[in-house]
Every structure is written in C-alpha cells, then in structure tokens.
Amino acid sequence: MTTLLSLSGVRTSYGNIEALHGVDLEVREGEIVTLIGANGAGKSTLLMTVCGNPPVAHGQILFAGRDITRMPTHAIVRLGISQAPEGRRIFPRMTVMENLLMGAVAAPPGAKAPKPNDSAASCEGTPSGVTPAPGLSSGRPAPPAGNGDGAAADLERAFRLFPLLEERREQSGGTLSGGEQQMLAIARALMSRPRLLLLDEPSLGLAPLLVRQIFDAIARLNRDEGTAILLVEQHAHQALRLAHRGYVMANGRIVLSGGGSELLANPEVRAAYLEGGVGVRPAGEGAS
Amino acid sequence: MAGARGGSRNDPAPDGTGALFREAGLAGLLVFGLAAALVGVRVQDGAASAIAPLAFRFDDAFTAAAAAALGRLGVALLRAGLAAPVLAGGTAVAFAVALAQVFFPAHPLLLALLFDTAMPNWLVALFAGFLALAAGWRLRHAPLAIVSETAAREAAMDRIGAEVQRWARYAGPLIFLLALALPLMPFADRRLVDVAILVVTYIMLGWGLNVVVGLAGLLDLGYVAFYAIGAYAYALLAKYVGLSFWLCLPFAGIMAAFAGLLLGFPVLRLRGDYLAIVTLGFGEMIRIILLNWYQFTGGPNGVSGVPRPSFFGLPFTESPPEGGHSFHTFVGLFWPLSISPTAKFS
Amino acid sequence: MIGAFISIITFLLLGLFGITWAPFAILVALLATMALTPLYGWALERLAYRPLRHSPRLAALITAIGMSIFLQNYVQLVQGARIKPLQSLVTGGIEIMQRGDFVVTLGYMQILIVVLTVVLMAAFTLLIQRTALGRAQRACEQDLKMAALVGVDVDRTIAATFVMGAALASVAGLIFLLYYGVVDFFIGFNAGIKAFTAAVLGGIGSLPGAMLGGLLIGLIEAFWSAYFSVEYKDVAAFTVLVMVLIFRPTGLLGKPDIEKV
Numbered sequence: 138m139t140t141l142l143s144l145s146g147v148r149t150s151y152g153n154i155e156a157l158h159g160v161d162l163e164v165r166e167g168e169i170v171t172l173i174g175a176n177g178a179g180k181s182t183l184l185m186t187v188c189g190n191p192p193v194a195h196g197q198i199l200f201a202g203r204d205i206t207r208m209p210t211h212a213i214v215r216l217g218i219s220q221a222p223e224g225r226r227i228f229p230r231m232t233v234m235e236n237l238l239m240g241a242v243a244a245p246p247g248a249k250a251p252k253p254n255d256s257a258a259s260c261e262g263t264p265s266g267v268t269p270a271p272g273l274s275s276g277r278p279a280p281p282a283g284n285g286d287g288a289a290a291d292l293e294r295a296f297r298l299f300p301l302l303e304e305r306r307e308q309s310g311g312t313l314s315g316g317e318q319q320m321l322a323i324a325r326a327l328m329s330r331p332r333l334l335l336l337d338e339p340s341l342g343l344a345p346l347l348v349r350q351i352f353d354a355i356a357r358l359n360r361d362e363g364t365a366i367l368l369v370e371q372h373a374h375q376a377l378r379l380a381h382r383g384y385v386m387a388n389g390r391i392v393l394s395g396g397g398s399e400l401l402a403n404p405e406v407r408a409a410y411l412e413g414g415v416g417v418r419p420a421g422e423g424a425s
Numbered sequence: 494m495a496g497a498r499g500g501s502r503n504d505p506a507p508d509g510t511g512a513l514f515r516e517a518g519l520a521g522l523l524v525f526g527l528a529a530a531l532v533g534v535r536v537q538d539g540a541a542s543a544i545a546p547l548a549f550r551f552d553d554a555f556t557a558a559a560a561a562a563l564g565r566l567g568v569a570l571l572r573a574g575l576a577a578p579v580l581a582g583g584t585a586v587a588f589a590v591a592l593a594q595v596f597f598p599a600h601p602l603l604l605a606l607l608f609d610t611a612m613p614n615w616l617v618a619l620f621a622g623f624l625a626l627a628a629g630w631r632l633r634h635a636p637l638a639i640v641s642e643t644a645a646r647e648a649a650m651d652r653i654g655a656e657v658q659r660w661a662r663y664a665g666p667l668i669f670l671l672a673l674a675l676p677l678m679p680f681a682d683r684r685l686v687d688v689a690i691l692v693v694t695y696i697m698l699g700w701g702l703n704v705v706v707g708l709a710g711l712l713d714l715g716y717v718a719f720y721a722i723g724a725y726a727y728a729l730l731a732k733y734v735g736l737s738f739w740l741c742l743p744f745a746g747i748m749a750a751f752a753g754l755l756l757g758f759p760v761l762r763l764r765g766d767y768l769a770i771v772t773l774g775f776g777e778m779i780r781i782i783l784l785n786w787y788q789f790t791g792g793p794n795g796v797s798g799v800p801r802p803s804f805f806g807l808p809f810t811e812s813p814p815e816g817g818h819s820f821h822t823f824v825g826l827f828w829p830l831s832i833s834p835t836a837k838f839s
Numbered sequence: 160m161i162g163a164f165i166s167i168i169t170f171l172l173l174g175l176f177g178i179t180w181a182p183f184a185i186l187v188a189l190l191a192t193m194a195l196t197p198l199y200g201w202a203l204e205r206l207a208y209r210p211l212r213h214s215p216r217l218a219a220l221i222t223a224i225g226m227s228i229f230l231q232n233y234v235q236l237v238q239g240a241r242i243k244p245l246q247s248l249v250t251g252g253i254e255i256m257q258r259g260d261f262v263v264t265l266g267y268m269q270i271l272i273v274v275l276t277v278v279l280m281a282a283f284t285l286l287i288q289r290t291a292l293g294r295a296q297r298a299c300e301q302d303l304k305m306a307a308l309v310g311v312d313v314d315r316t317i318a319a320t321f322v323m324g325a326a327l328a329s330v331a332g333l334i335f336l337l338y339y340g341v342v343d344f345f346i347g348f349n350a351g352i353k354a355f356t357a358a359v360l361g362g363i364g365s366l367p368g369a370m371l372g373g374l375l376i377g378l379i380e381a382f383w384s385a386y387f388s389v390e391y392k393d394v395a396a397f398t399v400l401v402m403v404l405i406f407r408p409t410g411l412l413g414k415p416d417i418e419k420v
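Taken in sequence, the protein lines are chains L, X and U.
The opening residue of the first sequence carries number 138 in the working numbering; numbering runs sequentially from there.
The opening residue of the second sequence carries number 494 in the working numbering; numbering runs sequentially from there.
The opening residue of the third sequence carries number 160 in the working numbering; numbering runs sequentially from there.
Since the hints were derived computationally from the structure, they do not count as laboratory data.
We treat Cβ as the ideally placed atom computed from N, Cα and C, and that holds for glycine.
Heads up, a few of these hints could be off.
Said to hold, decoys possible - Simulated restraints on C-beta separations:
1) Leu691(X) - Leu175(U): 38 to 48 Å
2) Pro598(X) - Leu175(U): 45 to 55 Å
3) Thr284(U) - Ala709(X): 35 to 45 Å
4) Arg684(X) - Met370(U): 33 to 43 Å
5) Leu702(X) - Ser214(U): 32 to 42 Å
6) Asn176(L) - Leu691(X): 25 to 35 Å
7) Pro598(X) - Lys304(U): 48 to 58 Å
8) Ile154(L) - Leu667(X): 32 to 42 Å
9) Gly146(L) - Asp314(U): 41 to 51 Å
10) Asn176(L) - Met370(U): 41 to 51 Å
Pulled out of the complex, with its shape left as it was, chain L reads as follows:
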C-alpha cells in the first residue's frame, strides 16, 4: 500500500507553547489508523496541524506525494483531506442540509465517475485485512451513484449512511442532539469525497448504541469506499480493534506504534489505556 499521508518531525506551537515535539506518523491508502493517548497528549492538535491550523513550525507533511506543510487550510482540504473536528463544530444556524452542502465545498469539481454499486454494504465483520476496493487507490473515491450531479449523489450517500439526518434535513444544526450532530459532522466531512478522513473523538459523549453505529459507519466507509481514516479515540479498545495500525501519543510525542491487534496486546497500552480506561467494553464483544 502506498503512503497517503506522512508527517516527519512535525513540531507545532500555540504561541510560545510547543504542543507537538516532532511527530512522525504515516497513513497508507485505504487504511484505518487509530491514534490514542491521554487528554492533552496532542492528538487533536495533530489532526488540526495536518489541516494547516495551527501551522507547522518545523518538519514536513506530505499528502499523496505533495508537500502540504505550508498550504492554507482550505487548499489542503481541497486536496482531499477532510476532518470532523473535536467538538463537531456544526454550523449552528444552518440547516442540516446546508451543513452538508458546506461539506461539499471542497468536493472535486465535476467528478461524476460511476462507482460499483455498494448495495452489498452490510454491517458485519471488522475490516481488518480488508483491502480497499480496487481501482480507488490512486484517485479520490468517486461518488456512489452513477447519475445525477456529484453533490446530489453525495447527499444520497450521506443519508444512506445516516438515515436520521434525512428526517432532520431542514432542522437547524444547533438544535440537533449530540449524536445527531456527530453524525452530521461525519457526513459533512464525507461530502467532499475525501481520500483521507480525520475523525476526532467521534464517540465523545454518545450513548453506547450510538457509539456502535458510528463505529459501524466508519468501518463500512473504509471497507466499501477505501477511504483512509485517521481516528482519534478515547474508546481505545474499540478503536484499536477497528484499526489496521495504531499510534500512542503522550506529551506531544508518538511513544508507541504498531498493528492494531499488536497494540491491543501490548501490556503497557493495556495498562494505560484499556484497563480501567475510558470506554472499555467487555472483551469478546466486537466492534460490530
């Protein structure tokens, strides 16, 4: 698998306080990478840094072979990196529909290529070992439906992924519940047909059932459309099960990395993030 995103020696600071002290990280095509770590370890900063805000102080970020280190946020996003950031950040005085349309701002213009029907999408199985859909690894995923213009097809896909949003489409974003907002944030991030999706704690503050739905959606997205995902999670157990690979962050540095199951088995990780940590679920209950 080719490298999609790579960070090397990335340092960032807020004012005079350095938040990332030289981070190396890599996300390959079609991969789910989970980033875990304690609060304040710099996970959200890392995701925001990829999008150019705060700017990189030292180091380099490459996306699909291009140097995006100094690019402005909107240009980075238009290359195919999409983020559902910390705190969801739904536009509160816009309808669900308008929020989704805002997500489509960065969609590649005129991309109407047909795509294999994904009616076979189902909810079983974890994606570990699943290779991305063939033919998608070199370009941005095409819209799921062959007809209609790009945005309409993307909307359709968003509503299929989160049917609840369709019922709420004229409701204003600020009045949605937390779970609905989270779905909207993910759906909005998907509207631009990203090659890489950055998700910052999608399960934060959600009921277990909703958490499961969200994780299902993430897995499905990765499996069916080959979207690479960089996931920051407090539900470390679940997230690592989902992931192909994982990184552990502490104090602005990557302290551990490895395959998802490898990290799950690592005694240090178990001690620090899994046992007695947030969101531990009984062993044996899978992510889906």
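Chain L is already provided as a structure; the job is to place chains X and U on it using the hints.
Structure of chains X and U alone, referenced to chain L:
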C-alpha cells in the same frame, strides 16, 4: 520616469518573476481604480464651479498607481529574498523624489510625473527609503531561522517593547522634570506652552480611558462625553453660580462621575460591541445636547468669560491687579521675556 | 460617502458630454459607483481587517472607526471640505390626494428609491440565502475555523463580503445624492451610527430585523422632530437604542445565541 525607476529593478529573478510582476501590476491597477475617480477628478465648488464643474488630475492618479506598483514590487522582491535590487531601486527613488521635490518643486515635468502637492511625494520618498533600509538590513543579516514572517515580526516587536519599557523607567521621571521646567525655559513661548498643556490634558484623558478600557476591559467610545461634562460643569458653575475654581474642581469631578453612574448602571449588562455602540451613542447624545441647549450652554458658541482660577485670592494673571499681587509676582516667578506682556494663558 | 462622491463625479462627467437624460445617467452612475466603490471595500479589508482577523473583536471595531476617520479625511483632502451640490435629476411626482390646499404627492424620486431598495434587498437576500457564496459567508460568520476546514477560502469569502457591503453602501450614497442633491465628506458618519443603531435595534444578523430597526429609527426621529424638537431627534433615537439594549440586548428580531454543544 516610472519606467526608468522600474528599470533599475528589472534584474532577472530566479523564479516567479512573472508572479512578482503580476502582483505589482495588480497593486498598480487597484490603486489606479481607487484613485481614478476620487483623486483624478475633483468636483469644483464655489466660484470655480461656475467656470467648470470638474477639475482633472489624472496624472496624480497615474502617479499613485505607479508608486503603488513599484512599492509592491519592492516588497515582493524583498519577500523573495532579492534585497540587492530593492536596495538600489529604493535608494534611487527616494533620492530622486526628494531632490526633485526640494530643487524643482514646480517644474512642469515633475508636476506631471509626481504628485502636485508635496506631502504625498515625501511619503513616496519616505517609503522608498524605508524599503531600501529594510533591504540593506536584509543584506547584512541573514534571514532569521524563525518559522514565519509573522512570528519574526512579533518577536522583534516584543524586543522593542521590552526595550521601550526598560527605558521608560528612567525616561519617565526625566520627562516629568522637563515638563516642570518647560514654562521657565527661555524658548517657551505661549504656543509651545499651550501645546504642552494640551499634551498633559490628553495624558489625563488617556489615564481615565485606561481605567475604563484597560483595567475594566470595557470599550467606552463615549468617554470624551465626561471630558465635556467636566468642562461644562466648571464653566457653568463658575460663571453663573460664581464658585471658585477650587470648589468647582471636585464638583466637576462629582458631576462627571454621576453622569458615569447614570450611564454605567444600565449599560454594564451589555457585552463588547453593544457596549461600544451604546457608549458611542451616549457620547453623541451629550454632544448634541450641549450643542443645542442654547440658553444653558451657549450652543456652538460655547461659554465665554469663564473666571480664571486663583490661588487663595491670587489670580493666575500676567499683570497683577491694581495694588495687589498675582500668583507669580507673589511667589516670585517671572515669565521669560519672550512672552508679550499682553499675552494671557487660556 | 465614497459612493456618493463617485456618483456625483459620474453625473458631472456625463453632464460634460451633454448626457442628462435621467434614467441613463442614473444607470451609468449606479454601475460606476457599484464598480469603483467596492475597490475601496476590498482594499480596506486587505489592509486594515485581514491582519486583525485573529485579534479580539474590539480591535476590529476600533480599526473600523479609525478607517472611517481616515477615509473621511482622504475625501476631504482630495475633494475639498465644502458641500457639493448637484441639481436634481428626477423631478415631479404623482398626486395622490388633495384636500383644500393640502396636496399629497409621491415624487418619482421617492418611487425610484423604494423600487431600487426593494430590488437590491431581494437580490442580496437571495444571494445570502441561496447561493454557495452566501452559504460560505454564513459559515464564516458562524465558525471561521470550521469554515476553513470544509474548504472555504476564508480570505476570499470575507473579501467578497466587504465588496458586497461596499456595493450596497455605494448605492445608498447614490440615493442620498439623488434625494438631497448634496454631498460632503461627512455624510457617512451619522449614517453609519444610525445604520448600526438600526441593526442593533432590529437584531444583529437579521435582515428583516435591520429593516424593522431602520423603519423604527426613522419613524421615531420623524415623530420626535414633528412633536418635540428637531434638534434632539438624535438623542431620541439613541435613547431608544439604549432602552432596547438594556431590555432586549439581542434586538427586536434577534435570536439568542445558540451556544455550541
């Protein structure tokens, strides 16, 4: 001349030359668009409008555009690290404009090429000189290995600020002594002292504003209203009630404070922008009332004949009253000779 | 103010060429002022506002006041401080009713102003509510950082907003010139304060609110002038503003802020 000026900077840039020139050209176009109507055409008024309603000064609009384009080019070159041509060009332009302005201010060719009035020409020369200086600095010092231009600028500003604060500690008392000594200096004529008194007044205004905006964090745009209230309180009390300056001093303060209380209570619930606009409105209200309440405040004519302050019956006047002393004759201060005997401080 | 000056310059230029046919002259002036004034809006944004994008909001407010003073002095410098008169282009009107000596007429000028206002209002409402640019503008207003994260070019969107605002203001200047027949460099100040007052009164961020606020301010001033005194009409308007802010800080039609969850 514009072409010649540009010529000195036409050294080939390693890359992005086109982009640099496009940037400069766009700046020039923009400024021409800005200047074409408002600078290029002047609506005549008064007697001149009977002859022709409009006067044309398109040459100035072109000059503005050329200056903007060149300046932008200089800045862009500097940003691209090409300091040498900027140094040469900036120096050349600065000297050329300054010399032309000094020696041939009315030469028709220069009138056509430069602005018709001196001030903008000096600004152009100043900016060109500044660019040249910046380029020279850049040539001598390698660009700092700081992340971004903004960070570098902020760091430099922090340094300058720290330096200023360090000096302020020593300069403050010194300036205070100078201020005390100023009226006694031989060169202190009335105008200078007037200006100095105005400065002190502004310093007091600044202190007050600092309490409200700086310490309390409330942006009060109507602050000067209290300035007016204090002034009118003294003027009216002294003139109509006949109270002395020393009695009026606390009174004026109390009245302004009372006005502040009246405004403050209802308004303190408001946040940032709203507070600003309400206080701005309050300031306007006070102004309008003072201007229109003719019987009481004298309207736009103001209050005249306000009694001057005195010190235990000793007036602060230049010539002592018949058979008495004025303050300065009593304490033995003598005004320097440069003040004409009839001048009185207002 | 700048819009009004560009308009009067256009009218006088057209007059030099002998073109005084009102509809054509007004159309040309409208186009000229809507083309040139936004350049000032754009330049202002670029020079004075963009560097302060991440500063506290009060910094931007103070800059706004500073820039308005700067522009006033600039116009005063290049155009002179005296009032510039323009002979009225549109005269006459429709007589609506008459009783005795008392005639109510509706001037063609008044009709023109109302029509122009309504058309522009409709156009800009559509632009804000229905187009991608309008959505991007609202997104920037609600969450600047997130707007950038979905790929909105924040700088360009804000510049576009300044351009639009300047275009609208320039039309207001043209209308002022047409109706009152005079301009000077100071017409903007009072108008600016009144506009802000109207917007706050109606509720910031609400278009109908701004219209209602403007209507109320206008009516208050008119009635106050008629029944009490002309001199204190501004005092009355500001008093109402203070009252509204104290009892309903979000304005008449403003919605309370929805805090982010």
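Consistency of the hints with the structure:
no.: 1; hint: Leu691(X) - Leu175(U): 38 to 48 Å; verdict: 46 Å, holds
no.: 2; hint: Pro598(X) - Leu175(U): 45 to 55 Å; verdict: 31 Å, violated
no.: 3; hint: Thr284(U) - Ala709(X): 35 to 45 Å; verdict: 40 Å, holds
no.: 4; hint: Arg684(X) - Met370(U): 33 to 43 Å; verdict: 52 Å, violated
no.: 5; hint: Leu702(X) - Ser214(U): 32 to 42 Å; verdict: 19 Å, violated
no.: 6; hint: Asn176(L) - Leu691(X): 25 to 35 Å; verdict: 56 Å, violated
no.: 7; hint: Pro598(X) - Lys304(U): 48 to 58 Å; verdict: 53 Å, holds
no.: 8; hint: Ile154(L) - Leu667(X): 32 to 42 Å; verdict: 38 Å, holds
no.: 9; hint: Gly146(L) - Asp314(U): 41 to 51 Å; verdict: 29 Å, violated
no.: 10; hint: Asn176(L) - Met370(U): 41 to 51 Å; verdict: 48 Å, holds
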